[in-house]
Amino acid sequence: MTSIAIPAGMPQFDDVPRYDVATVRADFPILDREVNGHRLVYLDSANTSHKPRQVLDVLGEHYARHNANVSRSVHTLGTEATEAYEGARAKIAAFINAPSVDEVVFTKNSTEAINIVAYAFSNASLRVDADPRFRLGPGDEVVISEMEHHSNIVPWQLLCERTGATLRWFGVTDNGRLDESNLDDLITERTKIVSLVHMSNILGTVNATSRITQRVRAVGALLLLDCSQSVPHMPMDVVDYDADFIVFTGHKMCGPTGIGVLWGRTELLAAMPPVFGGGSMIETVTMARSTFAAPPARFEAGTPPIAEAVALGAAVDYLSGIGMRAIQWHEKELTAYALDALATVPGLRIFGPTVPVGRGGTISFALGDIHPHDVGQVLDSLGVQVRVGHHCARPVCTRFGVPATTRASFYLYTTTGEIDALVDGLEQARKVFN
Amino acid sequence: MQLDQLYQEIILDHYKHPHGRGLRDADDPGDQVAEAHHVNPTCGDEVTVRVATDGDVLHDISYDGMGCSISQASASVLHELLRGQRAGEAFAVHEAFVELMSGRGQVTPDEDVLGDGVAFAGVARYPARVKCALLPWMAFKDAAARAGVGVSPEVKA
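In order, the protein sequence lines correspond to chains A and B. For the first sequence, the numbering used here assigns the number 6 to the initial residue and increments by one for each residue that follows. For the second sequence, the numbering used here assigns the number 481 to the initial residue and increments by one for each residue that follows.
Among the clues, some could well be false.
[To be verified] Sample of chain B residues facing chain A (criterion: CB under 7 Å; computed from the structure):
(1) L483
(2) C523
(3) G524
(4) M546
(5) C548
(6) S549
Derived by calculation from the structure, the hints in this document are not laboratory data. Only a predicted model underlies this, so the values are computations on that prediction, with no experimental measurement involved. Note that CB positions come from ideal geometry on N, CA and C, so glycine has one too.
Start from the sequences, fold in the hints, and give me the full structure.
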């Protein structure tokens, strides 16, 4: 028996921040329920996460005690609501290390956030006096990848249709990594924006972005990172990542549905034309024309999802209280455990990296020839909730030659016992269909 | 227990040993032949159903596709039930099947009409799977219409 010691002075294994999963689970009321006579085993957090009592309480408390519209009332309730709403913005800015609070735009979700950027390009392209970085036409290019969620494909397809620009994309390797072999051919002086997923919602791959950022800077393009699957699971520092925009959604990070975030550099948001017109986003309005508020208000037309934003602030507090490093490490250990456990299931094929490095806790797989719908149905009968289908990333399924996959995804409250339940359930599925 | 209601032995049998699978040309060159390709966008299941008919009798119903056990077994049952039937009879069966699937588990199927199709009664209790069972039947309806034979009522599910 050999043991390997990490030399003194280096970070030691026990230095990694950890937390007690049972204590965390006690914060999530839904984890107590049963499904089909079995204890709930929720392995669908990449789809949406559960919400801790701390978030649910803030959501209820806001409506019960502080309900009023924001940014337009002089009365006490209006002031409280505005302070809570803007306070949430500040919490989120700190959570991602945004240099300015005004760089955080509240949206409905990641999809809306991406569409705001795409439509800002579209609107700028119609105006000769718009910032040239946002003007698109024939000969210009938009670069995405084959591992995007549909929400980071379709808005750019539509933008290219409207402007005559060309859509190009990175491929995916057999191991489920981003194929960067043609990086220099793909990102060129013609590229206006690169919009790339940070962590794939189907393969679990976490993309290393530094080479891409370097290339994007070299050619003078803009970089958007879709962080829907990464911000909930790992520390995010927008300065360190050197992105121009990031998007993420509240409901995947212990927050409510209906609230998401577009983060953009101050000077870029300031250069973007508005997308939705209406109340709150204006400076002055006459019958002939209007002028517009500075960001973030410029992109938040109408009454925003106030309670949802406030509750997202509570979610950020909750996650920060546990520690994003600790959550990331917990999920890394779970992923390593799950990859080993799934490898014992006969006929199981994983799509995406099979080592717990450069990947998160989202694992897609095929179980022999059994259709994912059938796998999911058997698992559900045992209380195990997984997602089946193309996961809004159909090009990835096409890339790997399958119509659909079964996907298990983990979060801060997931246990190794739940992964064991998944493996047992897969055994059951094999019995029914083989 | 619940699972047994959904995955009846008959369904699993049709899934593992599908009847009449594979797209075929018409035996009678005088037949009208048409097909329809339907997909379920939420899960990616797909099926192509081809109908060969002289305008009265459905001489052949052939199909191909990929998908879950429910959708593929349903195509096999459809082939068994409707091939060789007169169009009017086929649409009566079609209507009964659609009614069964739209019934949220409250409809008692008539085995004389639906044959092996009665096994799908349990599927109707799983709203997420009703579309799987109906996929080949909707494709059949389109294919039949394209081959010039009438249509049955719209699905309400």
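For each hint, the structure was consulted:
Using the Cβ-Cβ criterion of 7 Å, the hint placing L483 of chain B at the interface with chain A is satisfied: the shortest such distance is roughly 4 Å. Because the beta carbon of C523 of chain B sits about 5 Å from the nearest beta carbon in chain A, less than 7 Å, this interface hint is met. Interface hint at G524 of chain B: satisfied, since its Cβ lies 4 Å from the closest Cβ of chain A, which is below the 7 Å cut-off. A cut of 7 Å between beta carbons decides the hint on M546 of chain B: the least distance to chain A is about 6 Å, and the hint holds.
Residue-level restraint check for C548 of chain B holds (minimum Cβ-Cβ distance to chain A is 4 Å; threshold 7 Å). With 7 Å as the threshold, the beta carbon of S549 of chain B comes within range of chain A, its nearest partner Cβ sitting at about 5 Å, so the hint holds.
In summary, the structure agrees with every hint in the numbered list given earlier.
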